[in-house]
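**Student:** Take a look at the letters that make up each chain.
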Amino acid sequence: MKRQGVLIIGGGIAGIQAALDVAEQGVNVYLVEREPSIGGHMAMLDKTFPTLDCSACILTPKMVEVARHPNIGLLTYSELREVKRVEKGFEVKILKKPRFVDETKCTGCGICAQHCPLEVPNEFDMGLGVRKAIYVPFPQAVPLKYTIDDEHCIQCGLCQRVCKAEAVNLDQRPEVISLTVGAIIVATGFKIFDAKKRSEYGYGRYLNVITSLELERLINASGPTGGRVLRLSDGRIPRRVAFIQCVGSRDQRAWGHHYTGNPYCSRVCCMYAIKNGVLLKEHIHDIDVTIFYMDIRTIGKGSEEFYQRAREEFNVHFVRGRVAKVIEIPETKNLLVRTEDTETGKAIEREFDMLVLSVGLMPSSGIFELSKILDIPIDEHGFPQGAHVETDRFTTGGKGIFVVGAAQGPKDIPDSVIDASAAAMKAAISLARVKE
Amino acid sequence: MTKETTPKEDERKRILKIAEVNPGLQYELSKAPGAEKLMQCLQCGTCTADCPIARFSGSYSPRLIIRMAQLGLISKVLSSDTIWLCAACFTCTDRCPQDLELASVLRVLRNMAVKKGFIPEALREMGSNVVETGSVYKVPGSRIRKREAAGLPPLPKSNPRRLAKLAEIVGFPKLIEKRGM
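Top to bottom, those sequences are chains P and C. Quick note on this note's numbering: the first sequence kicks off at 10 and runs consecutively. Quick note on this note's numbering: the second sequence kicks off at 4 and runs consecutively.
The set of hints was computed from the structure by calculation and includes no laboratory data. Treat the hints with care, as some may be off.
20 Å max Cα-Cα, derived EDC-like pairs, lysine to aspartate or glutamate [stated by the list, open to error]:
id: 1; chain 1: P; residue 1: Lys334; chain 2: C; residue 2: Asp97
id: 2; chain 1: P; residue 1: Lys205; chain 2: C; residue 2: Glu124
id: 3; chain 1: P; residue 1: Lys334; chain 2: C; residue 2: Asp102
id: 4; chain 1: P; residue 1: Lys206; chain 2: C; residue 2: Asp97
id: 5; chain 1: P; residue 1: Lys206; chain 2: C; residue 2: Asp102
id: 6; chain 1: P; residue 1: Lys355; chain 2: C; residue 2: Asp84
id: 7; chain 1: P; residue 1: Lys290; chain 2: P; residue 2: Glu321
id: 8; chain 1: P; residue 1: Lys334; chain 2: C; residue 2: Glu104
Kindly produce the complete structure, drawing on both the sequences and the hints.
**Tutor:** Encoded structure:
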């Protein structure tokens, strides 16, 4: 008797690792991703901490492996719609959104995008770069199949005419796929905190205040600026950059329903800010990098050492003081940062060319709807709740459903990968039980 | 001369007598409305950073006051001038990531200072002026004479006796009385 398959929701690093580990055990895997490509947030990053490994270099081989694995069925641009618990597992319905491109025919040559007349901000570049209405989010996308963005497409039909493979099909309809699986792994990841909610920092109003994920795209060689870090106001190279930590994290403020922050620590911001500080030092030789922090929390192997290196070897400045207010100087678009250096007890005001807000991690958008579909409990912050914080954080909502990676709570890449492998094992165990 | 004495004075200020520390102060304060979250302060410095008083005064720091209150340095907190400098603009309260109502904590501290007899002389004077004349500022006789000479209309009169009666009921004169400290 063939063992039942496993459904994995979310194609980020956690979902990819879980898919590979389940599939390697000879079990069928269906990997569902709502975006046109798998890869998730990790594909957007430039380098990873604490080793400064190229993020794409360690992720893309895994992405390709997922696409080529005989036991993995990849369902991109698809969303989970319905789950019904049956005697031996789950009956699920997945909505495959229309790409308007036949996946079996598209060769990924990109001629269609060359001819497409519409340029729209690329979500993958945090809106800093542009893409066409027919697009792949990034060149290493898996699957390398083009997608027509229904919202922006004007139905001019140019792509259809130039496509040699005759893959473009503007009449494609949404498709519902029904599957029966034995276990479900939720790996929906996170979304970043909306920095506009912290109006004192001026994100959205001041052009030179950016989020950390935007910096990741700017500093990335495959990003919209080709790896040059530029000020968004005038395109000049910044010489004084500051990082503001704990934006939307460790914030107890709750004004009625205007809930502004998250009380928890997002775990990764300290390390990614230090990493980006070091990268900036490597990219721009005479740059001055300052990190304003409440506490530096270097979690994980090699992190503390990396922090010390940033301090001593790379001469990144650390000021212990949470920033209270940012003011833009209208003429230069430089930014005045008000903080207290709590080590000297002096209230200081310093000028910077660019500010990076280290935004925290939040439950992925749509997780609430997903929790309703799957009938799993969510905690007070909106993350799916595991059975036990210490001994069984994977199992959620009864038998056969597991939650992994940043979907469960803020988590860095190494921990998400560990989670994924562990949940793959848990899923395999639950399938073995079903077989008896 | 002054150069020699200043460091010594500074040094004396830094010396902490164990008898002056009241470890129970935090509990006492935490019971007061507005100061419940006193012990949640992480000392991040956000309050001082955007404080309009701290920007112009070298000695005023809401963060330090909270720290001293947490540690139970009661006489240092209550006798310091800084708790009276707060303008109650509530900027610190808006900014505090721990949702600590700093301006309210300072109000609680001021109330406590008054109850224990720590009032700056100028404020004590103002208080007694209010009870005596009905206004914060006692207009000197010479100025009233000058006004008359210049032909200005007489100043509006208040009814200090009625005010004094009210003050007596709420126990205000007793609070601003000079006490041996």
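**Student:** For Lys355(P) and Asp84(C), compute the direct alpha-carbon distance and say whether it is at most 20 Å.
**Tutor:** Roughly 18 Å between the alpha carbons, so the hint for Lys355(P) and Asp84(C) holds.
**Student:** Straight-line Cα separation of Lys334(P) and Asp97(C) no greater than 20 Å?
**Tutor:** 11 Å, holds
**Student:** Taken at face value, is the distance from the CA of Asp102(C) to the CA of Lys334(P) at most 20 Å?
**Tutor:** 17 Å, holds
**Student:** Lys334(P) and Glu104(C): Cα distance at most 20 Å?
**Tutor:** 18 Å, holds
**Student:** Take the C-alpha atoms of Lys205(P) and Glu124(C), compute the straight-line distance between them, and say whether it is at most 20 Å.
**Tutor:** 47 Å, violated
**Student:** For a C-alpha distance cap of 20 Å, please report whether Lys206(P) and Asp97(C) respect it.
**Tutor:** Between Lys206(P) and Asp97(C) the Cα gap is close to 13 Å, so the pair holds against 20 Å.
**Student:** Does Lys206(P) pair with Asp102(C) here, judged by a C-alpha cut-off of 20 Å?
**Tutor:** The given pair, whose Cα atoms are some 16 Å apart, holds under the 20 Å limit.
**Student:** Quick one, are Lys290(P) and Glu321(P) close enough, alpha carbons at most 20 Å?
**Tutor:** 13 Å, holds
Violated hint: 2 only; the structure is consistent with all others.
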